[in-house]
Every structure is written in C-alpha cells, then in structure tokens.
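Novice: The primary structure of each chain is shown beneath.
2 protein chains.
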Amino acid sequence: MIGITEIEVLLNTRDKLGLKETLSGYTPEEIADLLNHLEEEDLLLVFKAIDRETAFAAYELLDINFQIALLDLLPNKLVTLIINDMSPDKRTALFQELDNDMLNKHLKLLTLNERTVALNLLGYPENSIGRLMTPDYIAVRQDWTVSNVLNYIRKYGEDSETLDVIYIIDDRGKLIDDIKVREILLAETNTRIDEIINGRFTSLSVLDDAEVAVNVFSKNNRVALPVIDQNGLLLGIVTMDDVLRLSKQEDTEDIQKLGGVEALEDPYMEVPVPLMVKKRAVWLVVLFLGEMLTASAMTFFEDEIAQAVVLALFVPLIVSSGGNSGSQAATLIIRAMALGEITIRDWWLVLKREIISGFALGVILAIMGFLRIALWNYFTHIYGEHWLGIAFTVSFSLVGIVMWGTLMGSMLPIILKRVGIDPATSSAPFVATLVDVTGLIIYFSFALFFLKGTLL
Amino acid sequence: MIGITEIEVLLNTRDKLGLKETLSGYTPEEIADLLNHLEEEDLLLVFKAIDRETAFAAYELLDINFQIALLDLLPNKLVTLIINDMSPDKRTALFQELDNDMLNKHLKLLTLNERTVALNLLGYPENSIGRLMTPDYIAVRQDWTVSNVLNYIRKYGEDSETLDVIYIIDDRGKLIDDIKVREILLAETNTRIDEIINGRFTSLSVLDDAEVAVNVFSKNNRVALPVIDQNGLLLGIVTMDDVLRLSKQEDTEDIQKLGGVEALEDPYMEVPVPLMVKKRAVWLVVLFLGEMLTASAMTFFEDEIAQAVVLALFVPLIVSSGGNSGSQAATLIIRAMALGEITIRDWWLVLKREIISGFALGVILAIMGFLRIALWNYFTHIYGEHWLGIAFTVSFSLVGIVMWGTLMGSMLPIILKRVGIDPATSSAPFVATLVDVTGLIIYFSFALFFLKGTLL
Numbered sequence: 001m002i003g004i005t006e007i008e009v010l011l012n013t014r015d016k017l018g019l020k021e022t023l024s025g026y027t028p029e030e031i032a033d034l035l036n037h038l039e040e041e042d043l044l045l046v047f048k049a050i051d052r053e054t055a056f057a058a059y060e061l062l063d064i065n066f067q068i069a070l071l072d073l074l075p076n077k078l079v080t081l082i083i084n085d086m087s088p089d090k091r092t093a094l095f096q097e098l099d100n101d102m103l104n105k106h107l108k109l110l111t112l113n114e115r116t117v118a119l120n121l122l123g124y125p126e127n128s129i130g131r132l133m134t135p136d137y138i139a140v141r142q143d144w145t146v147s148n149v150l151n152y153i154r155k156y157g158e159d160s161e162t163l164d165v166i167y168i169i170d171d172r173g174k175l176i177d178d179i180k181v182r183e184i185l186l187a188e189t190n191t192r193i194d195e196i197i198n199g200r201f202t203s204l205s206v207l208d209d210a211e212v213a214v215n216v217f218s219k220n221n222r223v224a225l226p227v228i229d230q231n232g233l234l235l236g237i238v239t240m241d242d243v244l245r246l247s248k249q250e251d252t253e254d255i256q257k258l259g260g261v262e263a264l265e266d267p268y269m270e271v272p273v274p275l276m277v278k279k280r281a282v283w284l285v286v287l288f289l290g291e292m293l294t295a296s297a298m299t300f301f302e303d304e305i306a307q308a309v310v311l312a313l314f315v316p317l318i319v320s321s322g323g324n325s326g327s328q329a330a331t332l333i334i335r336a337m338a339l340g341e342i343t344i345r346d347w348w349l350v351l352k353r354e355i356i357s358g359f360a361l362g363v364i365l366a367i368m369g370f371l372r373i374a375l376w377n378y379f380t381h382i383y384g385e386h387w388l389g390i391a392f393t394v395s396f397s398l399v400g401i402v403m404w405g406t407l408m409g410s411m412l413p414i415i416l417k418r419v420g421i422d423p424a425t426s427s428a429p430f431v432a433t434l435v436d437v438t439g440l441i442i443y444f445s446f447a448l449f450f451l452k453g454t455l456l
Numbered sequence: 001m002i003g004i005t006e007i008e009v010l011l012n013t014r015d016k017l018g019l020k021e022t023l024s025g026y027t028p029e030e031i032a033d034l035l036n037h038l039e040e041e042d043l044l045l046v047f048k049a050i051d052r053e054t055a056f057a058a059y060e061l062l063d064i065n066f067q068i069a070l071l072d073l074l075p076n077k078l079v080t081l082i083i084n085d086m087s088p089d090k091r092t093a094l095f096q097e098l099d100n101d102m103l104n105k106h107l108k109l110l111t112l113n114e115r116t117v118a119l120n121l122l123g124y125p126e127n128s129i130g131r132l133m134t135p136d137y138i139a140v141r142q143d144w145t146v147s148n149v150l151n152y153i154r155k156y157g158e159d160s161e162t163l164d165v166i167y168i169i170d171d172r173g174k175l176i177d178d179i180k181v182r183e184i185l186l187a188e189t190n191t192r193i194d195e196i197i198n199g200r201f202t203s204l205s206v207l208d209d210a211e212v213a214v215n216v217f218s219k220n221n222r223v224a225l226p227v228i229d230q231n232g233l234l235l236g237i238v239t240m241d242d243v244l245r246l247s248k249q250e251d252t253e254d255i256q257k258l259g260g261v262e263a264l265e266d267p268y269m270e271v272p273v274p275l276m277v278k279k280r281a282v283w284l285v286v287l288f289l290g291e292m293l294t295a296s297a298m299t300f301f302e303d304e305i306a307q308a309v310v311l312a313l314f315v316p317l318i319v320s321s322g323g324n325s326g327s328q329a330a331t332l333i334i335r336a337m338a339l340g341e342i343t344i345r346d347w348w349l350v351l352k353r354e355i356i357s358g359f360a361l362g363v364i365l366a367i368m369g370f371l372r373i374a375l376w377n378y379f380t381h382i383y384g385e386h387w388l389g390i391a392f393t394v395s396f397s398l399v400g401i402v403m404w405g406t407l408m409g410s411m412l413p414i415i416l417k418r419v420g421i422d423p424a425t426s427s428a429p430f431v432a433t434l435v436d437v438t439g440l441i442i443y444f445s446f447a448l449f450f451l452k453g454t455l456l
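If you're matching them up, the sequences are chains A and W in order. The first sequence begins at 1 in the working numbering and counts up by one. The second sequence begins at 1 in the working numbering and counts up by one.
Hints are computed from structural coordinates only; laboratory data are not their basis. Every residue, glycine too, gets a C-beta built ideally from N, C-alpha and C. Hints are not guaranteed to be accurate.
[Stated by the list, open to error] Covered stretches of chain A, going by a simulated chain W footprint (3 or more residues, C-beta under 8 Å):
no., segment
1, 61-75
2, 242-254
3, 321-329
4, 361-367
5, 429-441
[Stated by the list, open to error] Calculated cross-link-like contacts (lysine-lysine; reagent style DSSO-like; alpha-carbon spacing at most 30 Å):
no., chain 1, residue 1, chain 2, residue 2
6, A, K219, W, K352
7, W, K180, A, K174
8, W, K77, W, K108
9, W, K219, A, K20
[Said to hold, decoys possible] Short, incomplete list of chain W residues facing chain A, as computed with Cβ under 8 Å:
no., residue
10, G18
11, D164
12, M276
13, T294
14, E302
15, L313
16, L317
17, I355
18, S357
19, A360
20, L361
I would like the entire structure built from these sequences, with the hints used as guidance.
Specialist: The structure is reproduced here in structure tokens:
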C-alpha cells in the first residue's frame, strides 16, 4: 500500500521530483487506489508524475467520477491517447455516464475504428450484456494447428482482454466452440484445433440481462464468456470482473430498495446530502401517505377506543408484529427471486409454505401475548375483570395479522414481478405500511367480537 | 439446455440406453444443472449414464446438498475416485458441510497427499480466504526462460486451477511476482523470466476475510490472486468464481439479516418449513419482546389517552415514521460498511450527514402531517377547537422521531461493528422496534407540552 501521508506531504510541498520517485515503484492498482482518495486539484499532479503506461492502466481502474474529472483536467491530446487506449468495456462504462455534449466531444477524439466500436456498444440497453462486452478477444479457425494459434496469439494477443479462453469461429463468424488456453498449451504443437474441440460451449445472448450473466458465471468456472446474437454469431466477450462489479452494484440497489430508499447509484459518502435527502424523501413520503390511512382507521374506531382505552395500549405491538413478519417474508422471497431460486410459476408452492409458516409464527406470538396479559393481570390487575377478553383479542389478532403480513410480504413481490415491476420495490417498510392499516381493522374486529357487551 | 421432460420420460421408463445416448452430447455444466433439478432416486441413474470424465466434472459443479446425497448413493470405490479427483477448494467446500463421522470416513478415502491438503485447508476459519484456497497453481523460478516455463506448464499444467497467471517464487517459497500467461506467450522463447517481471503484484493474506477478497478482486482485473502468509510465503491461490459464489452468499445473508431473519444458508425452497419457522421465529420473538415495551409505554400514558383519545389516533403514524426512517439509515450504512465505503472511523462524518438528513426528512413529514390535520379539521372539525395543539404535537414529534430514527439507524451498525458484532444484525425491524418505544415517549412528551391545560 502507498503511504498516503507521505504522498500528501509531497503534494503539499508540490515536490514533483519527489513524487515521481516515490510513485515509480507502484502498480497501476495502487496508483488508482491513491487517486481515488485525492482531492480534484491533486489528481493532475499525481497523474503527471507517473509514467505513461502506468497512468493509462491506472486511469481504467479509477472510479468513474474521477475518470470524468480527469477528462476535464487533462490536455486534449492526452485525453485522445487515453480513451483510444482504454478497453472498450471500460470506455463504454465511462461514456454512458457522460452528458450528450461531453459524449460527442470525446467520441470525436476516437479513431474511426474505436468510434465504431464505442457507438456499437453504447447501442445496447443499460444493464445489458451488450454494454459489458468487449470485442477484444482471440478467435481462430478450426483448421489451424496449435502452433498457428500460438503464433497468432503472440502477434495479436496484446489487445485481448483475456487469453484464458480462445474462440473458434467458422467463415461466417459463427461461434463453433471455445477452448481453454491450457488445452492449447498442453497439446503438441502440430495438433489441429478441430482435434481438440468438442463443440460444447457456454455462451450468453446479447439480449440477456446482467442477472443472467451473473448466474451463468457463478455456475461455470470461466474467466470470460462469449456473447452471441440470435444467429449464433460471435459479437464479443464479457469478463468476470465486470460482471462481479455489476453484480455488487445490483445487489446494493436491491438492498437499498429493500430498506425503502431509492438506489443511491454512488457510494454513500459521495452522494451530496440534498440528493440523499431526495432519494430517501420519495419513499418516506409515499409511506407516510399510506400510513395516514392508519389515522383514518383509528378514527373509525375512535368510539371503541374511548370506551376501552386499554385497546389503544396494544396498537403498536399488534401493528409492528404484522410489519415484522411481512418484512421477513418479503425479504426472503425477493432475494430468492433475484437468485433465480424462485420463479413466478412457483407462487402456489410459496403460498402453501408461507401459510403454514405464517400460522406457526402467529401462534407463537399469540401464546406470548396471552401469557404477557395473563401474568401482568395476575400481579397488577391492570386489565380488570375483562382481562380474558382482552387476551383473546390480542392473541387472535396476532395470529391473523402475522398470517396476513406473511402472505402480503410473500405474494406482493411475485405479483410485482408478474406485472413487470422490480420485486424489490415491495420493500420491508412498504409491506409493513400496507399491513399496518389492515392490521388495525383485524384487531378492532376481534375486539368487537370478544368484548362486545362487556367492555364495548 | 437439456430438455428436462425428455429426460423425465427416459427416467420413468428406466431406459438406460436411451438416457446414455441423450446425455452424451452435453457439457458438465448442463449435466450438473439437470442433476440439481432431479429427485434423489434419479440422481444415480443419470450419474451412471454419463461418461466418467463428464460425471466427475459435473459432480464438482453440483449444489453441495446433491454432492452429499451422491456420497451416500455411490459405491465407495467411485466416491474414492471422485473426491481424490476434486479440486481442493471445491472439496473443502463439500467437506465443511459434512458431520464429523462422514468427514472422517471420507478423509480416509483420500490419498495421503490429498488428505494433507484437505486437512490443511479445513484448518482455516470458515469464510476465510484459507478455505477458498487451492494449492493447484503453477510456480516457477525467475532464472528460468520462457521456453522452460512453457515446457513446465505442458508437463504440470493439467492440475492447475487456472493458467491465466503464473507465480514466481524464490528458493524459500516466497512470492516474488505474478505474471499473466499472456506475457509469457507474447515473449520470445529464450527470454529469462526475470527480464519480464517487475516485482509488482497484488496478493491476499491468508488471514484476510472473504469480504476483503471480493473487494480486491473487483478492483483488480484478475482471474486468481495469490495467498501469502505473514512471511510472504506463497500458500495457494483463490479463484474469482469461488469468490463470486461466496460474495453472493454473504450478500444473501446480509439481506436476510436486514429483513430480520436468521441467515437461511440454503435456497428458500430447500429449507424445510419447520427450520424456516425457527429461523424467523427467533427474531420475531425478540422483536415482539422489545415491542411489548410499547404496551408498557402506552400504559404509562393511559390517563392522557383516556383524556384525549385523539392522541391515540396518530400513534401508528408517528411510530412507523420513526421506524421507516431508521430502516433507511440502517440499510444505507450497513451496505456502505459491507462495501468498505465507510469504516468505523468515519462515524463523525456519518453522524453529521445523518443529523442534517434526518432533520430535513423530519421537517418534510412534519409539514405534511400539519397540513393533513389542518385540512381534515377545516372540512370536518373532527379535531375540535384544539386542532392547532394537536397539529403542533404531531409535527414536532415527527421531526424528533425521524431524527431519532435516523440517528439510531445510522449509529447502531457502527457501534455493533465496533464491539465486534455483525452490523447487519441491526436489521430494519430491529431498529424500528427500538425507535418505536422512544418514539412514543417523544410523542407523549410533546403532547403534554402543547396540550397541557387544554386537552390534557
């Protein structure tokens, strides 16, 4: 690791020579890590103190915000060199964050060749495999020998994103097979490629979404996977590190949605406070509006509360139990759907499981609630002569509400997915709010049933 | 993809020959995918219908539950061959799921060599890099030539997990550098290795936890990373696909904890209902016990509620707003900590951001609450002459409670981490429950302040 304090001293004293010397021993990864922690005005100084090769490699590894900042800070000539040198997938990730003016300006700096590549990749929808693709791979023909292939790699391998896998295509560019480089290295040099291949390969379709790619990668021990179109033509490859980053990002968005926040898109510390307030306010306001219905529901039962204030005492307990069981169910189902463990067609199986679980959980809480009221009343007589009616009201409500919360929490994500909305939208707070209103109605209905003629 | 219905027909008719023929064209990945979807009694039939090489490769790719099932079903002789052939990291993953008897039985089936490897890997703590390591890598010396290295790979490369990167060690086994295989392929055959290496490499420490590995991988474009001990000795490598799986699994556990469920450890559909009820009941009961304090708090203010039933009407609204803002803050902070965006030392920065955010969010809800009461009262006079006091009580409470929820939600994960507990334990429901009780106290305190002498 680079000693950041040491660098800071050199930066403060503007000691360019010292900076150059100190930084010369570091890897592009370490340099990128350092740059990601610097203030904007220091970026340029560090960037200029490192050799060109390291600088270019480090640039690709920078957070996109810093890449954009440097596009503005660096002289046009250097920018031209950098973006022409970037790997197409990283460049696509950068370009899709630029506004239209910036994008056009930088597209013009690319050579015709690179511009075609960039425009092509940008044509695929966001979060699709297409955006993650790189056309830098090695493709060979099946009638070549191992020695041909090795020579070809030596000549053209420089640009390739990964040399772990080599692709075999026919004259029309259709993918016939992929082969691990190890198999080529392990073979005799005069072996023909079609003697090694077996026609079995795993590929992604350019129309697949990113979640599919993540699943395929975690099941196949591959560094990269080929991407084909509907006719089987090889369009490019996607590498595992890009998928890992995208997967982390999608998980983060899911988690934030589950917590009832719009996805932040940037690291917590980098999101300006006003933007963060906005992202949180949206859902908080929606939930607040929904929760206002509880005030209406309570108003509806105002007379009952006035007659038996004791009923009001258990409202938060009842309401939150429904919310908690709903959160649990929603979280489990949303995650299981994201991982592909459950599909919409499984709704009936899920429903059966959740009815049983919800009932069991409800009974557990009901027993605890009953004991709580019975014991308190035994020692303090706080609930008076009608304590049994109150205890029954609370217990039966708990069974009903926990089951209702569990059902809502488990079915809502499936319904949302069915109508084409991200299931993670039915966040824990969202389900809790929905359950709160109905929970009150269930509670007061049981109260009317058990306490009519006594307390009510 | 394999047509599952076709296979099912063959399985039902016990048509072994047809099965053999149909399955012969498929990759180990496809076979594993098929096996993962079969009933236990059909596993064996399919497994025996495929050639040994494919069967062994498919076994490694199976879900661990199915691997364990097959250990029981297959003859001992075949089990011996399979587990000796497995890559050490996959075998460690399988072995750590076995109970002690099963483990000892299967350790005995390993050759002395493989047993040493297995026991060594099992010695590292769960979820540590050590458990994910494989000793199957290529290590060479710096005085070798490219041609030496290529010959060495051809001879010993078969067992290596990945040939994308080659490691250079000194005579004591200390890691000096790693080098991408492409650089070797691109170099002239008589170049010495020490002419190519630059002494810059990224490595993991065997004591690192898995989350660190995930971070390092997503920042470095590598298929595998070397793992060293405190003295820099090369112990093994970890590959990216293992890290991807572990990362998914840890994210799932985090998400489940955030939703207030003990981590399920297995896919939703595979967890027996009683076990699932148990995993959910633990937290639900803890939360219920905590939430019982709301009943106590409400009892404490019973006289005030009896005097002004209108106060009870807003309890669910007030309480849930605190819970929702707490859930948001907890989710954001827990995720940011898991991704390494925030460390414990940042608590002061987080606190400042959250105080501002919480205040802003509270004011937004307070204004909405005020308008709700003012408008309703304008049209229906439902809140009587003291509506302004009620409106102020609700509005000020909302500011207080949302700020309180935000602070608790953001600081609790940091405090838990500080004392060595997984921050994700402070789940959304957990924070909501904590905030509920204090929320009631805040609410009734404001009520006493604004309504003393009028309603109260």
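Novice: Between W/K180 and A/K174, does the CA-CA distance stay at or below 30 Å?
Specialist: holds, 29 Å
Novice: Taking 8 Å as the Cβ threshold, is the statement that the segment 361-367 of chain A is covered by chain W upheld or broken by the three-residue rule?
Specialist: holds (count 3)
Novice: Take the shortest C-beta to C-beta distance between W/I355 and chain A; is it under 8 Å?
Specialist: violated, 10 Å
Novice: Can we keep the W/A360 interface hint, with Cβ of chain A closer than 8 Å?
Specialist: holds, 5 Å
Novice: Check whether three or more residues of the segment 429-441 of chain A sit with their beta carbon closer than 8 Å to a beta carbon of chain W.
Specialist: holds (count 5)
Novice: Was the hint right that W/T294 lines chain A, CB cutoff 8 Å?
Specialist: With Cβ-Cβ at 4 Å, under 8 Å, it holds.
Novice: Within the assertion that chain W covers the segment 321-329 of chain A, do at least three residues meet a Cβ-to-Cβ distance smaller than 8 Å?
Specialist: Coverage by chain W holds here, the residue count being 6 at a Cβ distance below 8 Å.
Novice: How about the segment 61-75 of chain A: do at least three of its residues have a C-beta closer than 8 Å to a C-beta of chain W?
Specialist: With 1 residues in contact (Cβ-Cβ under 8 Å with chain W), the coverage given for the segment 61-75 of chain A is violated.
Novice: Have a go at the W/G18 hint: is there a Cβ in chain A nearer than 8 Å to its own Cβ?
Specialist: violated, 20 Å
Novice: Taking 8 Å as the limit, does the beta-carbon of W/E302 come near enough to a beta-carbon in chain A?
Specialist: Holds. Min distance 6 Å.
Novice: Quick one, are W/K219 and A/K20 close enough, alpha carbons at most 30 Å?
Specialist: Answer holds: W/K219 to A/K20 is near 24 Å, not above 30 Å.
Novice: Take the segment 242-254 of chain A, compare each residue's beta carbon with every beta carbon of chain W, and decide whether three or more fall closer than 8 Å.
Specialist: The restraint on the segment 242-254 of chain A holds, since 8 of its residues have a Cβ under 8 Å from chain W and three suffice.
In this structure, the earlier hints numbered 1, 6, 10 and 17 are contradicted, and the remaining ones agree with it.
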